[in-house]
Amino acid sequence: MNNPVTIEPKVSVIVAVYNQERFIGRCLRSLLHQTIPHDTYEIIVVNDGSTDKTSYALELFCDPSDSVVQVITNEINIGLPASINRGIKAARAPYIVRVDSDDFVNSNFINFLHFYLENNIHADAVACDYLLLNDTENVLEQCDCQKKPIACAIMFRKEQLFDIGLYDEQFHYHEERELRIRFEQKYKVYHLGVPLYRYRRHDSNITNDHKEMEEYRQAIIRKHGDAATDL
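All residue numbers in the sequence shown are consecutive under the working numbering, ending with 448.
With a cut-off of at most 27 Å between alpha-carbon atoms, the simulated DSSO-like pairs for lysine-lysine come out as follows: (1) K365 x K375; (2) K270 x K306; (3) K364 x K375; (4) K375 x K405; (5) K227 x K405.
Label pairs and their calculated CB-CB ranges: (6) E238 x Q363: 25 to 35 Å; (7) Q363 x D269: 34 to 44 Å; (8) Y273 x K403: 38 to 48 Å; (9) Q359 x T268: 33 to 43 Å.
These aren't lab readings, by the way, just hints derived from the structure by calculation. Positions of the beta carbon are idealized from the N, C-alpha and C atoms, including for glycine.
Start from the sequences and build out the full structure, keeping to the hints where you can.
Next up, the structure:
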């Protein structure tokens, strides 16, 4: 009897989640309804020690017969950058894209970003534009990711993320800015001017903690000096 052929995914989507029982379902439904076949991508969810009903919500998307969604569980909360790194290390695909657990995406999100990198071999990474939404998913603004960058909606080549050392796990805020400074010292992020990402603004966004955000902004400046002067 022949063994079934294992198809390696082309894209790994990393979703780190902590106490987002309210939004994680919306996020995963959008990722499961993409315009490319399920066997061409994987979704790796890292549950970072959630204490609400996030674990139960994740069980609804983890059919043992369908391996698209894989859940890695941290027994204790280790923080966002460490959780993302754990997901990247588990990824099987050559392309990595991060989606936050309280956001969601257009059905062409994975397809368009992957197509861009596959057909532009000079491009190291590509970021798409996004729609800023309120808590009830009404559109507040269409945003240019070059003028208003966010942590997600950037597809990287995995080997280059490893080359720069992944996320610095000391940065619990501004982790994406610190990573991008190091990435752009060697590589370039290209722009896809299509709003494929849905960035949700709500009261529990971690970016609402202004004191912590400022402390980590200063930490980036101390670490990178002139390279961080535009923060």
